[in-house]
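Asker: Sequence:
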Amino acid sequence: MYDKHLYVFDGNTPREAVIRNYTTDDFNDLIRVQQESLEDEESLNHAVLMEWRNPFKQKQGHN
20 MYDKHLYVFD GNTPREAVIR NYTTDDFNDL IRVQQESLED EESLNHAVLM EWRNPFKQKQ
80 GHN
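Okay, so the sequence shown: first residue is 20 according to the working numbering, each after it adds one.
Please note: incorrect hints may appear among the correct ones.
Said to hold, decoys possible - Label-pair ranges, simulated between beta-carbon atoms: (1) LEU25 - GLU55: 17 to 25 Å; (2) ALA66 - GLU35: 29 to 37 Å; (3) LEU25 - ARG51: 16 to 24 Å; (4) LEU68 - MET20: 27 to 35 Å; (5) VAL27 - ASN47: 25 to 33 Å; (6) LYS23 - LEU68: 12 to 20 Å; (7) SER56 - ASN31: 29 to 37 Å; (8) LEU25 - GLU70: 17 to 25 Å.
As the list claims (entries may be wrong) - Computed cross-link-like contacts, SDA-like style, restricted to lysine to any residue with a CA-CA straight-line distance of at most 25 Å: (9) LYS23 - ARG39; (10) LYS23 - ALA66; (11) LYS23 - THR42.
Treat the hints as calculated values from the structure; they're not laboratory data.
For every residue, glycine included, the Cβ atom is placed at its ideal position computed from N, Cα and C.
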């Protein structure tokens with residue numbers, strides 16, 4: 020039998036990650052984690068890449 024454990028770091032302290040489905044009660048924390056994981060420059064770069072990759076985006080002047 021195999022047993023898998025995942026860990027994340029809280030500062031220098033490893034903490035065991037609990038993998039589960041999230042609920043609507045988790046939304047605020049999920050948003051906070053996303054905000055913390057993207058610095059301003061990374062967010063801009065991500066937004067530019069996603070805009071560039073969007074196949075449904077209409078080019079300006081073309082409808």
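Asker: Return the numbers of the hints above that this structure violates; sort them in rising order.
Answerer: Numbers 4, 5, 6, 7, 8 and 10, in rising order.
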